[in-house]
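Peer 1: Spelled out from the first residue to the last, the chains are:
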Amino acid sequence: MEQLFFWMLAAGLLISAITVVAVRNPVTNAVCLVSTLVFEAALFITLEATFMAAVQVIVYAGAVMVLFLFVIMLLDVRVEVLGKISWLKIVGVGLVLLLALVGLPKLSSVFPFAGEALHWGHAKVPGTAQDLGHLLFSAYGPLFLTTGVLLLVATVGVVVLCRRDTEA
Amino acid sequence: MTAWLSPEVLLVLAGVGLILVDSLTPRSWRRLISPLAFGLALGLLFWTLWSSGQSIPDSWRNLFVSDGLSSIFKPFFVLCLVAVSGMSARYRLGTEESVRAEFLALPFFSTAGLCLLASARDFLAVFVALELVSISLYLLVAFHRTKQASLEAGIKLLVMGGLSTGFLVMGIAWLYAAAGTTEFTRLLLEQAGRPVTPALLLAAGLVVTSLAFKIAAVPFHAWAPDVYEGAPTPITAFLAVASKAAGFVLLMRIFGWGAFALDSVGTVFRPILLTMGIATVTLGTLAALPQRNLKRLLAYSGIAHAGYMLLALGTLGEAGMGTVVAYLWAYLFATLPVLIFINEMERNHGNADLRHLDGLARREKGAALGLMLCFLSMAGLPPLVGFSVKLAVFTTLWNAGEMPALVVAGFMAVIGLGFYLAPIRAMYWEREADAIPATRLPSFLVWVLLAVGLLNLFLGFYPKPLVALAERSLAPAPLSRQESGR
Amino acid sequence: MIAYSPYLILLLPLFAAVVTRLFLHPFPRFAISVSTLACLGSFLGSLLLLFSGGLGSTIAIPAVPWIEFAGLKADFGLLMDPLARLMAVLVSGIALLVHIYSIGYLKEDPHRSRFFAELSLFVFSMMGIVLADNLVTMFLFWELVGLSSYLLIGFWFDRPPAGAAANKAFLVNRIGDFGFILGILGVWSLFGTVSLVDLPSCLTASPGGWAVTAVGLGLFCGCLGKSAQFPLHVWLPDSMEGPTPVSSLLHAATMVVAGVYMLIRVLPILELSAVTMTTIAWVGGAMTLLPTLIACQQNDIKRILAYSTLSEIAYMVMAVGLGVTGPAMYHLTMHAFFKCLLFLAAGSVIHGCHEVQDIWKMGGLGKRMPFTAIVTGIGTLALCGIPPLSGFWSKDEIFAATAHQPALALVSMVAGFFTSFFMLRLILVAFGGSPRSEGARHAHEGSASLIFPMLILAILSVVGGFLPVNSFLGVSPEGTHASWTLWVSLVLALAGFVPAFFIYRAATRDPLSIPILQGKFYVDEFYNRVLVANQDGLGKLADAFEGWVVRGFLVRGSGVMARAAGQGLRLVQCGQVQVYATVFILGALSLLWWILKSGVR
Amino acid sequence: MGGEITLGHYLVLSGALFLIGLAGVVLRRSLLVVMMSLELLLNAANLALVAVGRFQGIPDPQVAVFFVITVAAAEAALGLAILVAIFRIKKTTAADQMASLRF
Amino acid sequence: MDISYLLPTLLLLPLFGIGLIALGSHPRKTAIVVSFLNLVPGLLLAGLVLRNGQVLFGPEPIPVRGIFPFKFILGIDGLSLPLVGLTLGVTLAAMGVSRDGVKREREYFICLLLVGLGALGAFLSVDLFYFFSFHEVALIPTFLLLGIWGQGDRSGAAWRMTLYLMFGSLVLLVALIGLVLSIPETARTLDWRVLTEALQTNPMTADRQTILAALLLVGFGTLISLVPFHSWAPGGYASAPTPAAMLHAGILKKFGLYGLLRVALPMVPAGWQQIWGIVGLMLAANILYCGLAALQQRDFRWLLGFSSVMHMGTIFLGLISGTVLGLGGALLLMVGHGFSVALGFAVAGEIHHRTGTTWIPDLGGLAKKAPKLWFYLMIATMASIGLPSLANFAGEILIFFGAWASHPYLVVIAAWGVVLSAVAMLRAVRGIAFGPLANAAESSPQGDITGTREVWPFAFLTTILFVLGLVPVLVLGPARPVLERLLSR
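Residue numbers (the working numbering), protein chains in the order written: chain A, 3 to 170; chain B, 43 to 528; chain C, 2 to 602; chain D, 100 to 202; chain E, 324 to 812.
By construction, these hints were calculated from the structure, which means they are not laboratory data. Watch out, some of these pointers could steer you wrong.
[Claimed, not checked] Restraint ranges, calculated between C-beta atoms of paired labels, are given here:
| no. | chain 1 | residue 1 | chain 2 | residue 2 | range |
| --- | --- | --- | --- | --- | --- |
| 1 | C | F467 | E | G800 | 49 to 55 Å |
| 2 | A | V81 | B | G235 | 56 to 62 Å |
| 3 | E | V790 | C | N535 | 39 to 45 Å |
| 4 | B | P99 | E | A345 | 50 to 56 Å |
Every residue, glycine too, gets a C-beta built ideally from N, C-alpha and C.
Construct the entire structure; sequences and hints are all you get.
Peer 2: Structure follows, in structure tokens:
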């Protein structure tokens, strides 16, 4: 069961991710990114992190991606004109492939628990909103506050950069 | 209660306050906003100095720490903020004039982030604080949205910063995978007495990558010259001094006391850091030679300085750490005045081309003298403070037996003189005074430049204060080596 | 304090030089008086010293410290042995006469106060050489003599040849001094002292071998320069560019014989090596002949005399080389009288003929300048060693010493033949016949100050032979006399007059033309082409290397390289954020790879 | 379908996603897509975090994911704002048009 | 009575002068007065050194652990006294020959005073940090002096000089670091007295000594323009304004030699033994190569520059002689050379001022036109070619005597160098002074140097040259015990 879900979702995730990078139409890119995020949320569920899955869908796929789509529509971005295919790009792609096929399994094997199998229902960690919330507001409270400031900065930034010049 | 009145909190409050004041008061009061910001920054500086070393709220203890290092560098960052506020007040925003309050307020948030960074003891805290700094900086760099250069610099910083963030987060993930924690002391305890695992090393490598980006070390430096040039000059100052220092503070903390302060980790990272340092010094120095733009020149010079500090840091000893602390302060005193002057230059001439310095010595004797001292200090000529700290770098390298690094550093210090003398030459040798349009600097700025220049000289002859700073930053380290079981 | 009073003979000229140079420059009359009086004082003092304390004994005089440092002791001390005392009298006496002569000779020269200052400096330096009690201070004065002769030869500095001649004199002397200083160093390292007083006692433990020879040759090298012996003789004829009183002072009595004097001083060292002595003797012997040959084809009156001087000094050098100092000193003294006389007479001629120096442009001077003609004749006879004039006695002693070296004797006697030849040529051409130039037609005798010194010297040249020089020196005359030398030399000397008389009796231009002699054996040309040109060539090479390779290629090149490297590095900074990202990623990946490599080990 | 699913699988997956993101950052001309690729990077890290948290048995990584998502949102918002500003004056979002600052 | 505060006074007076000039007093007069007043503490200190052997100012040296273990200690003994005297004298003369009405006068005189101050500080410092730093104080003023007030290829010369000196300084710095770090951490100090003692009681390994000696040689060698690190010197001096050339060639260059004598030789004796051969080659090259190059110079300043470089070889010969005699000679020649080269540049400056050139073929007839200037030209020439009774001769002869036993071949070369320098200098003198008046000389408005105001610096330098030449014990006497101690260890 775990295998089936994992491989399906992984394939979906990778295919949509590659589409994000490979396809030239920005709208397609954005939609594929949404699908990537959703696949990832599903993978979170396979890892029994249900709350994070929800956050992923709501915040990421819901909010952030809408932002992207808005901008795409706002700017009326056309299909990207292909740049010159330089040796740099070919080498880059080759390198990525090589690393992905050879390097990654090796790399991953160095971590502890790397070989531990996934069995649903045996999670040692609570993934509920309550548990996380507790942690978030106690141990990581200061950081939570900081993220508040961070969002404030982002808000100010968006306002500053995208405002209409009424005074000028 | 006073524990909650830590600089970070007050900085955020001040920033929010500035924005609120701006939006709630009549438009005619707006010209008061710059003095207000400057006053607030100055007040905060005194507060930070007064409260340095004071304990932090209990609930913050597992994420943040108040030790020598943080108590030395929080004032450092707030001092930068003061300078940046002053410079921002004199920066011409043009069409952006209506959002000057935001321009003034955002560095407060950024500084808050830096202060948090200085005392972070958990990589998650590092991440969040770093992002607070970065995101404010993306915005500030791109703030001058009608200037293409500003926007270009902003997007470049954002792309590169995003990349670096990606590496940092991945590093944190791998840290969890390797050790199950991101807290410095626990990481240290976790690994102490055990052979180091490749997993931890890889995770550390990713983290170091993103910090190396922060300090603009080769090969993660490429953003620096472009961004320094395009950004509004006050922000350039912030990037060049405060943000770079933050990177070093973190590197010092993780390699000096927390997280990776282990010999087993050190043996792997020492050659890496030193190689990076050599590359950084070399590239920064050589690439600076042909520069004609003062901001780019400073960017490359900053890269070179990062290289020297990295070399000292790379020896991973107590002496190296102390050297970096002293070096950062020396760098502050040498670089900030120059940037303050560049700010004025941009105000008067529109850009930072080297030729605007021509004949400065005839027009502004005091300012020229101050600037000359600063440039010479950067070049590392005795008896300026820049020499003392370079001497410390060389000493550290010799003591650590790193001869190739020492040789390269020495050579580059000589070549570096080649471009540090260029502005001096422009100020003193080149065209006669009457060939240059006379635009006077405000006299208080002349005094500031002169005073800081002379401070360079004084600290060069009498570096005791710097030594004291370095020693203080090293001495009471709660995450001491003993704790790690060695 | 009174013990130091002998220093006065040294210091008076110095005082005069300094005072004249610094304060009396604008007042020629005072300058001349001071300088001349100082010289007079020095002369009188020397005379007093000569006769005080007994002839032939050494007077002890306390030294003034100069360098006494880490084993090297070189003080300003006066060595008052008979030799030095005699020499001091001679030097100061001749100098006094030259001073007097110069008063008249340079009456119209605007720079005459400078001349007298330099003259005083010269006297001071020369007295220093004579009286120095160790080699280092002797070297010091030796150099000072070089300087003052440089200044005096170059006195008329707006005449380009004067500058050239002055330079040449100084430089050739410098080359000699190069050997001299090495010789002194050798003395010091071999015998542990440079003091002339201690030297004889230190010689007992003579190390012998090549070192001593080398040291001796080094010292002789100094003599070669100062006494203008082959191969360093080239400066002396050129130095005739200076005013005539200078020529007489330098080239008659004093400077040129300094070399001989020095050789006599260090003779104990030279005698340690037979090779050195032979070399000295043969260099001297050869030099007696060569200049006389050259002189036969010279036309400048002073140059002829200069070549004759070379030859005469060579007699002294030869004598030293043969180990007989008495005759050398004797000849030195006599030579001082008659050669100085001849030069002063030549000066008188030049003065009288309005700066004409070419003998072929003179003629008929015997009638217009009878006094000069007479003293020239006396001088010539003395020079040629015709008895009973002074030259005869001294030369005879030298010839006697060569008796057991027939080859040397022959060479030096043939030189006597040629000496007679060219001296008669000089007299016949200059004083006989009829005037051949405007200057000669209006020639006239000079003033009293010109006449007086010549008169004194003429008397001395005649009777000098009867002066008890040997008793001044405290040595007894050489006992054995091989009489054949006397007769052969005398006959040869007289024979020299015969061809000269017939060839030049009524010549208006030189009937003989021997290019190699006119070209002075081409030694100058050889030096210029080979030595100077090579050294200059090396200099050019060094300069070009410096300019192109060091300054151009290495220094500028490294700057250019650094800059080029900078430009190259800039190209990576192409402005494309994605290139930056690539660099970033590649950097990060290689970092990880490195970590894996070194961490998994 | 091979053996059992392990942490290694998830890490490889996240690594692959990370590499795809990197490729996107480097290869694509459009800054919009570059920023999407940056989101991919963060997502790759998120996946790794959650997986690690699950296998290590600690909740902290999930908190980290929470922060990462917040940061990603802020970054995206700001980046898009800058892009809009750029588009206003340059009428393009091509990365290679942004190269006036160089050398 | 303890009057050791005279030591800082020596440094403070020029500083005070700089302040006064900056605040608006007459620059030239102030500079002269300050330099003159500085002679007073200088003379008093000289007396004190003659009586006590040494004078010290500052805290007692205690080992300090940490990053910067240095202390501000000034000291003067028989070895540094002559050099301090040289500095004071040449500074005064340099200020004397400087002129009013230079452009940007204030900065000009401040720079000049700084150069002198740097040299003085370096000679007085007991702590290696300040020893090094003070020397560098002069670097930038020199850069400015050449760049702003120089002539000819001033820009190239300034860059070359500055970068070269910086290179040398850095190599030197590395070597000094190496020296300091060679003693155990508990005893670490920058005080050269303590350091010397420590290194002599516990010498390093021979290899380490060799490396350090090589570094010291390159470092100091660059500062004293030892071939092949010399090429900054001739051009730099040719382009520098007269007082700057006097100060730099006269004083600052001696820093390298002083450093060798003070630091390099006593601290790594075994290392020097290893590299004697190379050192000998280098100094022979200095003498022969630069001597030959000097022959070809047609510009008087270039000639002086090359001849000055050449003399460094002779001094170096004294330093490596390993005898008190040779070292004493080197010290004497340093001082003598300092004064004589200063005089030479002063004369060259006057010639340039009068005729607008120092290109020898364009000159001529100086002796007729300006007899006084000619007189001083002769003195300078004679001093530089080692004429007796001037200080240089005494130094040279001592060096020859001192080095004869150990390096006879080098002594021969050095003695030939004397001939070479005579050839070069006399050719120049002939070109400048002899012959008819050249056009350049005729067209100049002024004639000779006249009046006390113009003449005194020349007379001053000349007097000192004579005094030192005739009474060399002034230098050698106090230095002797120091040198003996230096060798006996």
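Peer 1: Kindly confirm whether 39 to 45 Å is satisfied by the beta carbon distance between V790 (chain E) and N535 (chain C).
Peer 2: 40 Å, holds
Peer 1: Between the beta carbons of P99 (chain B) and A345 (chain E), is the distance compatible with 50 to 56 Å?
Peer 2: For A345 (chain E) against P99 (chain B), whose Cβ atoms are near 52 Å apart, the range 50 to 56 Å holds.
Peer 1: Taking the Cβ atom of V81 (chain A) and the Cβ atom of G235 (chain B), is their distance within the range 56 to 62 Å?
Peer 2: 59 Å, holds
Peer 1: Hint says 49 to 55 Å; check whether the CB-CB distance for F467 (chain C) and G800 (chain E) agrees.
Peer 2: 53 Å, holds
Every hint from the earlier list agrees with this structure, and none is contradicted.
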